[in-house]
Every structure is written in structure tokens, then in C-alpha cells.
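Novice: Each protein sequence line maps, in turn, to chains A and B.
According to the numbering used here, the stretch in the first sequence is residues 17 to 343, in order.
According to the numbering used here, the stretch in the second sequence is residues 17 to 343, in order.
Check the hints yourself; a few may be wrong.
Taking CB as the label site, the calculated pair distances span [as the list claims (entries may be wrong)]:
1. B/ARG64 - A/ASP241: 41 to 47 Å
2. B/GLU92 - A/SER40: 51 to 57 Å
3. B/ASP68 - A/ALA299: 35 to 41 Å
4. B/ASP157 - A/ASP241: 36 to 42 Å
5. A/GLY44 - B/ASP21: 40 to 46 Å
6. B/PRO23 - A/ASP259: 46 to 52 Å
7. B/PRO23 - A/ALA194: 35 to 41 Å
8. B/GLU92 - A/ASP241: 57 to 63 Å
9. A/ASP68 - B/GLY282: 43 to 49 Å
10. A/ASP241 - B/GLU331: 24 to 30 Å
Please keep in mind that the hints were generated in silico from the structure rather than gathered at the bench.
Glycine is no exception: its CB is placed at the ideal position from the N, C-alpha and C atoms.
Residue-level listing of the chains:
Protein chains: 2
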Amino acid sequence: MKLGDLPTPALCADRAALEANLRSMAEGLPGRRMRPHVKAHKCTALARRQADLGHVAFTCATIREMEGLAAAGLGEDLLLANEVLDAHRLGALDARVTVAVDSEETIAAAARGGVREVLIDVNVGLPRCGCPPAAAGGLADRARAAGLEVRGVMGYEGHAMPIEDVARRAEVTEQAMALLTAAHAEVGGDVVSAGGTCTWAVNTWATEIQAGSYALMDHSYAYADLPFRPSLFVLGRVISVSDAFAVADAGLKALAMDHGSSDVEGGSVWFYSDEHVTFAPAAPLRPGDLIRVLPKHVDPTVAKHPRLHLLEGDEVVDVWEIDLRDW
Amino acid sequence: MKLGDLPTPALCADRAALEANLRSMAEGLPGRRMRPHVKAHKCTALARRQADLGHVAFTCATIREMEGLAAAGLGEDLLLANEVLDAHRLGALDARVTVAVDSEETIAAAARGGVREVLIDVNVGLPRCGCPPAAAGGLADRARAAGLEVRGVMGYEGHAMPIEDVARRAEVTEQAMALLTAAHAEVGGDVVSAGGTCTWAVNTWATEIQAGSYALMDHSYAYADLPFRPSLFVLGRVISVSDAFAVADAGLKALAMDHGSSDVEGGSVWFYSDEHVTFAPAAPLRPGDLIRVLPKHVDPTVAKHPRLHLLEGDEVVDVWEIDLRDW
Numbered sequence: 017m018k019l020g021d022l023p024t025p026a027l028c029a030d031r032a033a034l035e036a037n038l039r040s041m042a043e044g045l046p047g048r049r050m051r052p053h054v055k056a057h058k059c060t061a062l063a064r065r066q067a068d069l070g071h072v073a074f075t076c077a078t079i080r081e082m083e084g085l086a087a088a089g090l091g092e093d094l095l096l097a098n099e100v101l102d103a104h105r106l107g108a109l110d111a112r113v114t115v116a117v118d119s120e121e122t123i124a125a126a127a128r129g130g131v132r133e134v135l136i137d138v139n140v141g142l143p144r145c146g147c148p149p150a151a152a153g154g155l156a157d158r159a160r161a162a163g164l165e166v167r168g169v170m171g172y173e174g175h176a177m178p179i180e181d182v183a184r185r186a187e188v189t190e191q192a193m194a195l196l197t198a199a200h201a202e203v204g205g206d207v208v209s210a211g212g213t214c215t216w217a218v219n220t221w222a223t224e225i226q227a228g229s230y231a232l233m234d235h236s237y238a239y240a241d242l243p244f245r246p247s248l249f250v251l252g253r254v255i256s257v258s259d260a261f262a263v264a265d266a267g268l269k270a271l272a273m274d275h276g277s278s279d280v281e282g283g284s285v286w287f288y289s290d291e292h293v294t295f296a297p298a299a300p301l302r303p304g305d306l307i308r309v310l311p312k313h314v315d316p317t318v319a320k321h322p323r324l325h326l327l328e329g330d331e332v333v334d335v336w337e338i339d340l341r342d343w
Numbered sequence: 017m018k019l020g021d022l023p024t025p026a027l028c029a030d031r032a033a034l035e036a037n038l039r040s041m042a043e044g045l046p047g048r049r050m051r052p053h054v055k056a057h058k059c060t061a062l063a064r065r066q067a068d069l070g071h072v073a074f075t076c077a078t079i080r081e082m083e084g085l086a087a088a089g090l091g092e093d094l095l096l097a098n099e100v101l102d103a104h105r106l107g108a109l110d111a112r113v114t115v116a117v118d119s120e121e122t123i124a125a126a127a128r129g130g131v132r133e134v135l136i137d138v139n140v141g142l143p144r145c146g147c148p149p150a151a152a153g154g155l156a157d158r159a160r161a162a163g164l165e166v167r168g169v170m171g172y173e174g175h176a177m178p179i180e181d182v183a184r185r186a187e188v189t190e191q192a193m194a195l196l197t198a199a200h201a202e203v204g205g206d207v208v209s210a211g212g213t214c215t216w217a218v219n220t221w222a223t224e225i226q227a228g229s230y231a232l233m234d235h236s237y238a239y240a241d242l243p244f245r246p247s248l249f250v251l252g253r254v255i256s257v258s259d260a261f262a263v264a265d266a267g268l269k270a271l272a273m274d275h276g277s278s279d280v281e282g283g284s285v286w287f288y289s290d291e292h293v294t295f296a297p298a299a300p301l302r303p304g305d306l307i308r309v310l311p312k313h314v315d316p317t318v319a320k321h322p323r324l325h326l327l328e329g330d331e332v333v334d335v336w337e338i339d340l341r342d343w
């Protein structure tokens with residue numbers, strides 16, 4: 017099938033660019049040094065490709081992602097890098113399941129739900145989940161007292177990701193990992209899980225890196241000097257043309273805008289509506305012409321689509337279900 | 017089932033508020049005077065409720081929405097208020113199908129796809145789809161020459177919706193409808209389709225109003241002095257707490273942010289991540305506590321969810337599939 021045969025809007029990835037990204041990471045952080053985060057693509061077929069390249073342990077953000085990977089036979093070592101208050105669906109999985117805990121309540125929930133292994137989630141500077149570093153040891157004791165195996169710690173230096181200066185980004189990462197390493201000394205276990213696409217190369221303290229975006233690659237990470245290039249776009253079709261602008265059928269329901277407005281290749285965007293983009297084209301367009309829209313933030317863009325179309329040039333060579341959507 | 021038994025994040029609507037909105041509109045614009053836009057809820061069960069109240073003709077933004085309503089037996093009079101270049105899926109529907117056209121190409125596509133009826137889409141001031149008003153008559157002739165039945169015109173005064181001053185909003189609506197009425201005189205037919213939730217009461221020129229948001233009702237329309245109140249919220253659960261902030265499991269993948277950041281009831285939002293909201297709670301919270309997040313823009317928020325939970329107080333009294341998602 018050709019690109020032009022697809023109903024639009026359609027989520028597409030350039031297979032060569034995606035494959036190059038996957039291989040770069042597999043060379044840089046082989047095997048267990050990398051625990052791919054599936055929240056970035058929510059796609060079992062893409063996860064299977066990551067496993068083929070040696071990354072057999074995965075990171076998830078939702079219970080649904082854990083369930084889907086387990087059902088697909090990719091459950092060798094699944095980490096839910098997030099807190100949950102009802103862990104019964106996790107406890108029921110036919111997979112090795114580890115869940116992040118950062119409070120008495122989440123420890124109790126893990127034990128009650130039948131989960132056997134946990135990481136102590138430590139706040140290393142991003143105001144989100146994680147206990148204070150000084151509380152990590154005490155929580156590990158409580159977890160063990162509740163019958164849980166404590167595999168180690170995790171802590172996400174998300175506040176380092178947007179830092180443009182590479183040296184400064186490395187410095188902030190080092191400070192965050194000093195907190196995590198200190199917590200680890202109190203907690204024990206052999207896992208120190210951290211990192212993301214923008215710190216994968218500078219975070220040398222973590223035993224495993226939780227990067228996800230590198231595969232499809234955010235346009236908003238253009239500043240970050242990384243060996244990955246954007247492979248994702250949303251295909252739209254021009255449906256209306258006037259003297260001053262053109263309108264295509266790729267709008268807010270097909271593109272996430274939280275990291276900034278998506279760019280249209282060969283056009284200057286005026287605004288987005290639910291199902292439309294109005295833009296000034298660089299060269300005249302006619303109804304039926306195809307356009308490519310470049311999402312700034314891949315994770316929530318992918319989550320809006322049912323399928324990912326893999327391309328070689330203009331040929332659709334494969335179609336992967338975004339089967340880990342929803343919750 | 018109780019609210020607290022739902023996995024989170026969960027899309028919820030207060031049934032009494034939703035029902036009051038639906039009844040207000042059915043009284044204000046009974047029967048065919050109102051052609052509900054299903055893009056706002058993408059939910060066949062909600063559309064059925066609108067049909068029960070007398071609105072048996074529907075407006076859609078996507079082919080998928082048209083297919084879903086037709087399959088559900090709600091195809092008495094379906095309008096795709098949008099241009100398409102491949103109309104074969106529309107032509108195959110077991111329903112009365114009308115599609116908007118605004119160019120030679122979209123007329124040819126309708127005829128080729130087996131669609132029999134069209135509206136001439138006229139640009140009445142919003143830079144999006146629609147032909148120039150002066151071109152409407154010529155396009156109607158072309159459509160008839162192509163064997164299509166021209167039912168009339170449509171034109172969306174979307175540029176009037178954000179105007180806070182009611183008198184000014186009415187004035188801009190009048191100017192837009194003057195263009196549409198003039199085009200209608202050239203086109204013929206008995207349909208003048210226009211309007212939206214913020215102009216439903218002041219647009220007295222349209223024979224039918226295409227409002228959608230009124231049912232679940234946008235918080236971003238709070239300025240508009242309308243007899244509808246927000247009935248939609250996203251239920252989240254507190255998963256982590258620190259001294260200064262709390263974190264709940266309702267993030268960017270569960271909430272559309274294009275009309276501004278969603279508010280948390282009883283809290284002040286710091287920021288959203290893919291699956292999290294970090295906020296300062298007005299009163300102390302514990303992990304497991306429930307929160308309500310109020311989306312500014314319902315349409316793309318609903319499109320992120322698989323199901324809508326109907327509530328009476330804290331009781332989940334019904335669950336409706338968001339079955340018209342995707343394309």
C-alpha cells in the first residue's frame with residue numbers, strides 16, 4: 017500500500033529512522049543497561065523489536081501497559097515505574113512484576129494486590145512521585161516487613177531533561193544521582209533505575225536507563241544533541257484551499273500540543289481545530305495533496321491513535337497496533 | 017459501583033447535569049431545529065439520548081462518526097460537516113448521508129464515492145473550510161451537474177464563539193449569517209446549517225444549529241452566559257504526597273490542554289506530565305484520595321478515553337462506550 021492510500025489523519029513512522037534509533041541505543045546501552053519505557057509508544061510490536069535487540073526488561077507507566085506486555089509474552093521483567101493504590105491487576109499477571117512504592121499506602125497496596133517485588137521510588141529533584149531520599153531506607157524496611165522483595169531504588173531526574181547545555185544537564189544529573197545513590201546505600205538491592213532519553217549517555221550511576229522517547233523521538237528534544245532523529249509524523253490530507261491558506265485533516269484530536277504547536281512541513285501553521293489545521297503553504301496546494309505534521313511530543317500524540325504505519329519511502333511496509341492505549 | 021471503585025483516570029459525567037443540558041437544548045431548539053454535533057462526545061449512547069429528546073438528525077466531523085451512527089441505527093439524516101477526498105466509505109453506509117463540499121475536487125469525490133446529497137460549505141469568516149460566498153452558486157451548479165442533490169448551505173461562525181460580549185457575539189453572528197443567507201439565495205435547497213453552542217440562541221437565520229459541546233459543556237465557555245453547565249470531569253486518584261504538593265494519576269494523556277490547563281477541584285495545579293498532575297491541595301490529602309479534574313475543552317478530552325461513566329452522586333449508574341473515536 018502507498019502512503020496516499022491511507023485514510024487520514026494517520027500516524028506514521030519512517031522505518032529506517034526508527035530502526036537507526038533503536039540500534040543506536042542498543043549499541044550505547046546494550047541488554048539490561050537499558051529498560052525501554054513503553055509509555056512513549058504504547059505498542060507491543062515496537063517493544064518486541066526492542067526485545068529483539070536485547071532489551072528484555074521494560075518500564076511501564078500504566079497497569080494497562082503491564083497487562084499488554086505480559087499478554088504478549090514480553091513479561092520477563094516488567095517495572096511499573098509509577099505508584100498504584102490498587103495492585104490486584106498487577107498481582108494477577110503471568111510475568112515478573114516490580115512496582116514503584118513511595119509511601120506506606122503504596123507498600124500496603126502492593127502487598128495486598130499480590131505483587132512480590134518493589135523498587136523504592138525516590139524524589140531526586142522533580143516535584144512528582146518519590147519519597148524524600150532520607151525516608152527511603154525506612155520504607156524499604158517496611159516493605160520487607162510486609163513480605164515484599166526490595167530490588168533497589170528508582171528516581172527520575174526529569175528536571176534535567178529540558179536543560180539545553182549538555183554540561184549543565186550532566187551536572188544536574190550527577191546531583192540527582194548523588195541523592196539516589198545515597199538512598200540506595202540505605203535500601204540495598206541490585207537495581208538503580210533512572211534516566212531518560214536526554215540523560216541516557218551522561219547518567220552513569222544508574223544500573224538501568226528508563227528511556228522511551230528515543231525510538232520515535234520528540235521534535236521538542238532538538239536542542240539536546242542526541243544521536244536519535246525524529247521518525248514520527250502524522251499524515252494529513254488537504255481538504256480545502258483558499259487564496260491565503262490551506263486546511264488539512266490533522267487537528268487537535270490527532271496531535272498533542274502540550275510541548276508546543278506541531279509544525280507542518282512546507283507550511284506555516286495558523287491554528288489547529290479539533291480535526292483541522294489551517295496553514296499557509298509555502299507552495300500552492302490542491303485538495304487531496306498530502307502533508308506531514310511533525311508532533312513536538314511523541315508520547316501523548318501516539319496515545320491518540322489506533323495504529324502506527326511503518327514506511328519505506330512512500331510504501332507502507334507494516335502496520336502496528338497501538339495496543340497499550342487507555343488504562 | 018461506587019466512584020471509588022473505578023480504575024483511574026476515569027472519564028465521568030454527572031448524569032443530572034448532562035440531562036439538564038440535553039433538556040434545555042431540546043426545549044430551546046426542538047426536533048430538527050437542532051442537529052447535534054457528535055464530535056463533542058463521540059458516544060453513540062449519548063447520541064441516542066439526544067435522538068430520544070427529538071433530535072434525530074446528526075452532525076459529524078469524521079467518517080468514523082458517520083459509520084458508527086449508521087451502524088447504531090441512528091442514520092435517519094447524517095451530515096458530515098467536513099470535506100473529504102475519498103467518500104467511498106460514506107457512499108457505502110445504510111443511512112441518509114449528506115456531505116459538505118467546497119471545491120470541484122470534493123464535489124467529484126462525493127459523486128465518485130456514491131454519496132447522493134451535499135451541502136455547499138461557505139466560509140462565513142472563520143479561516144477554515146468553505147468556499148467564498150460568491151462561489152457558492154457556481155459550485156451548486158457543478159454539484160447538480162455531477163448528479164448530486166444540493167440540500168442547501170452550511171457555514172460555521174466559529175469566530176463568534178470566543179466573543180465574551182453577548183451583543184457583540186450576536187452582531188458577528190448576524191454578519192456571518194448575512195453572507196450565508198446571500199449564498200443560500202444562489203444555491204437553493206431548504207437547509208441552512210450553522211451555529212454552535214455559544215451562538216445557538218442568537219443564530220436565528222440557520223434552519224438548524226450544529227451545537228455539540230452543550231451536552232458535556234466546556235469549562236472554557238464559562239464566559240458565554242449559557243443555560244448549560246459543565247457535566248464532565250476526569251476522576252483521578254492521589255498516588256503520592258509530599259509536604260508541599262500531591263500527585264494524582266490524571267495527566268496529559270487523559271486531558272486536553274489546548275484551551276488551557278485543566279483545574280483540579282480543591283487544588284492549585286503546578287504542572288501536568290503524561291500520566292500525572294502535580295498540585296498543591298487546599299487541604300491535606302493521602303494516597304488513595306480521589307480528585308476531580310475539570311477539562312477546559314471537552315471534545316479532545318473525551319476522545320482520549322474509552323468509556324464515559326455516568327454518576328448520580330458517588331454512584332456509577334451507567335457506563336457508555338466512547339465508540340466513535342479514531343478515524
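Novice: For each hint, tell me whether it holds in the structure or not.
Specialist: How the hints compare with the structure:
no.	hint	in the structure
1	B/ARG64 - A/ASP241: 41 to 47 Å	54 Å, violated
2	B/GLU92 - A/SER40: 51 to 57 Å	55 Å, holds
3	B/ASP68 - A/ALA299: 35 to 41 Å	50 Å, violated
4	B/ASP157 - A/ASP241: 36 to 42 Å	59 Å, violated
5	A/GLY44 - B/ASP21: 40 to 46 Å	44 Å, holds
6	B/PRO23 - A/ASP259: 46 to 52 Å	51 Å, holds
7	B/PRO23 - A/ALA194: 35 to 41 Å	37 Å, holds
8	B/GLU92 - A/ASP241: 57 to 63 Å	58 Å, holds
9	A/ASP68 - B/GLY282: 43 to 49 Å	47 Å, holds
10	A/ASP241 - B/GLU331: 24 to 30 Å	54 Å, violated
Checked against the numbered hints above, the structure violates hints 1, 3, 4 and 10; every other hint is satisfied.
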